[in-house]
Amino acid sequence: MNDLALPHTAETVAAPVAAVPPRRRSLAYLQAAPLTLVFLIFLVVPLVLTGIVSLWEYNEYAIIPALTLQNYADLFDGCLSADLCTTVRTYLSTVKFVVLTLAVTLPLGFAIAYFLAFHIRSGTVRMGLFLLCTIPFWTSNVIRMISWIPLLGRNGLVNDTLRALGLIRQPIEGLLYSDFAVVLAFVHLDTVFMIVPIFNSLARIDRRLIEAARDAGASGAQILWNVVLPLAKPGLAIGNIFVTTLVMGDFVTVGVMGGQQIASVGKVIQVQMAYLQFPAAAANAMVLLAAVLLMILGLTRMIDLRREL
Amino acid sequence: MDLSPSRRTLLKGAGALAAMPVTGFPAVHAAEPVTLRYLGTAVSQSSDIARKVKEDLGITLEYMPVVTDEVTKRAVTQPNSFDLIDTEYFSLKKIIPSGNLAGLDAKRIKLADRITGVFTKGEVNGKRIGDQGTAPRKVFYLEGQNAKTFAAAPTEWLTLIPTTYNADTLGIRPDLIRRPVTSWKDLLDPAFKGKASILNIPSIGIMDAAMVVEASGDYTYGDKGNMTKPEIDRTIKVLIEAKRAGQFRAFWQDFNESVNLMASGETVIQSMWSPAVTKVRAQGVPCVYQPLKEGYRAWAQGFGVPKTLSGRKLDAAYDFINWFLSGWAGAYLNRQGYYSAVLETARENMQPYEWAFWMEGKPAEKDILGPDGTLIEKAGATRDGGSFDQRMGAVACWNAVMDENTYMVRKWNEFIAA
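Chains as they are written, first to last, in the numbering used here: chain A, 7 to 315; chain B, 72 to 489.
It is possible that part of the hints are untrue.
Stated by the list, open to error - Which chain A residues stay away from chain B? Per the calculated CB distances, all over 12 Å, these:
(1) P52
(2) T56
(3) L61
(4) L90
(5) T93
(6) L135
(7) I141
(8) R175
(9) P177
(10) F199
(11) I216
(12) P240
(13) G265
(14) A296
(15) A297
Said to hold, decoys possible - 30 Å max Cα-Cα, derived BS3-like pairs, lysine-lysine:
(16) B:K209 - B:K264
(17) A:K102 - B:K264
(18) A:K102 - B:K308
(19) A:K102 - B:K209
(20) B:K364 - B:K384
(21) B:K209 - B:K314
(22) B:K300 - B:K314
(23) B:K209 - B:K198
(24) B:K181 - B:K449
Quick caveat, the hints were computed from the structure, so don't treat them as lab data. Using N, Cα and C, we set each Cβ at its ideal position, and we do this for glycine too.
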């Protein structure tokens, strides 16, 4: 069915490429060159440099070319003992936020995208509502985060209201500077990254498929589960990748909303950079990169993105 | 003490200079404008000072405000990106070995010999003050202009010319605490569970923690500013226990965070900086910069020049530094609650009642206004901690870079992750 809807899959494209004359092939390489160059200069080279520096030695004021695994050893120091080491603890905390954030943004983003794609008939209204979702992005994400603080604080709006209504006597402390606050901010900041790719996938679903399913006697839930969801998989996967990488690399949100009390990998790297421990920070960055790549690899195992697009 | 001949002539010359009023700055810069790129923290980068310098010397200051750690990082990694640096003395232990700063020639600093004894001798009014940590005294002189090591005895090459310094302690909300706070150990008193805070800048936070540990009588450090590995472990362990018990509401990282935590009542006791206390009070919230019996943790910063600076820009840097010490800027800083390097010249630029309030710890005769004209204290108020001699005289330790800095940062990250 997929092949009918989207005939240009990887396999069908691959065959003709082999048949084109060499000149046209070099032209294709030329056309791909600018992007390749951009990736080479701004992605591959910095990554390789980071990898190299992670093997260097350092002191208070200089980094010294060397070939040592000491930075990695420091990173995992004590991890073999019963008490969890800092690195494992930090990653567990970060992964916890990834899971919690996904658990909220995935259903929420899907619901909003579904509503926009299927329930709004007029294209203008749909575009208008879609743009509405992006309004929070007109301000910086730090401001969006900080705006929660007067609301959630010990003497904040929420606590004051609940107290005025007589629902609580003592303020709820856990609203701010807690896991709850961090997840709340992540949901606020990142849901739109879920909405956009899912909406994009849903909008491309051929409506006749849904009509056909209904004609064949499928219920609403069956259509959603057997028709819409499978076709929305690429959007879901991309949204997942966006949110996962955003949360994994974040340290500002965790810092501000967690009252600097909650560890994050990004924060550890930032502290090391501030103290001129570049090789240690680089080693940390390489481990973070590996962790995120593994997670994305796992995700793409479940959904073959190249095929689905 | 064995003073070199050049040092002796310098002192003589400076003595003669001190006798006459310091006026008549070279006006040459007005003819051909010079711009100095000024790297530092926002603490001393005021637009009023920039305006006044432009008026008096014709030098344009181009401020590059960054956080403390970033100043150090730039000095080490991008020494050509600034013409003048305003950095903390403790950072020198990282910057000087990199060889990126040049020693300042004491002969060209007119008031060099009138810089307060806090820097040159580690004394206030002849009394020795706390020397633990990177006390400015230890890193004040260089062996030579391009030396990468500090000199133990005075030389004619200065690392930094002090701009501001102060003594830090805990800030409290007296309206929410309702009992006297007298010791650093009160920071970890279970009575303030969930309402305490410490700053998340490892090198400073660990010093505050060390003050707490020492105050509780558990342990006495050889040097709080230069802990051994077991001492770091011990200090971090205390912090981790307190954190797991829910003692801390949050940690703060910048000035405004500390103001917000205190003003909103999220915390009632925390490490704090003096102008932050002033800012909380300016919002009408009672806040006290509480003097504690164990003393203060002090810091100091000063001007340095990169090795590559030469010619007219170098001349301009010296002119600016001389201007800075000549009084107007010192008075400006004193009115913010900081202290200036040459006290006498600042005094000449302050009203007697201002001097009495800020420096002598006397009750304010009139309303005390900040440099920008906002009301800081009403008539009758006294400064927290009292006079200069009382506050700087009670310094216990200085902000520091430890020999085991790398290990300390690792353990600090462990504390944050706990």
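In rising order, the numbers of the hints this structure does not comply with
Of the numbered hints given earlier, those the structure breaks are 4, 5, 9, 13, 16, 19, 20, 21 and 24, listed in rising order.
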